[in-house]
Amino acid sequence: MARRAFDQATDQAAVTLAHRARFWPGIEEAFMHAMRRRRRLRTEAAFRSRHALLRTQVRSRDLLALAQTVFMNEKAASVWMNRPHVLLGGASPREAARKSKTGATRVQEILVAIKHGGVV
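Everything in the sequence shown is counted per the working numbering, starting at 541 for the first residue and increasing by one.
Please note that a few of the clues may not be correct.
To be verified - Below are the PhoX-like pairs computed for lysine-lysine, each with C-alpha atoms no more than 25 Å apart in a straight line:
id	residue 1	residue 2
1	Lys615	Lys655
2	Lys655	Lys641
3	Lys655	Lys639
4	Lys639	Lys615
Think of the hints as simulated: they come from the structure by calculation, not from any bench.
Keep in mind it's a predicted model, so treat the numbers as computed, not measured.
Produce the entire structure from the sequences given, and follow the hints as far as they go.
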């Protein structure tokens, strides 16, 4: 829907541009440059958001694998990942890992401490 509105606005701008071209030489080049820049920025933003999502998914997968090795049981690891934890401010390890890289690092530290018998 927003894309359609953008396309309609762009078409209207192109018509307006044709009328203004008589009074401002070079406006077509400026308009096309602005359109190319907008398209490039939109593409880069989409790439960044896809890349961030992929990083989050990889982090979650790696932490779940670590939890499975620590608890030696897939079900126990899943239960632990979804249960609120005091050291994470009451958030579940899965939530903490999804929110930020710092949260994922903290979950990893807790799992390593559990694995090696450290204080948690």
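Comparing the hints with the structure gives:
no., hint, in the structure
1, Lys615 x Lys655, "holds, 17 Å"
2, Lys655 x Lys641, "holds, 21 Å"
3, Lys655 x Lys639, "holds, 24 Å"
4, Lys639 x Lys615, "holds, 23 Å"
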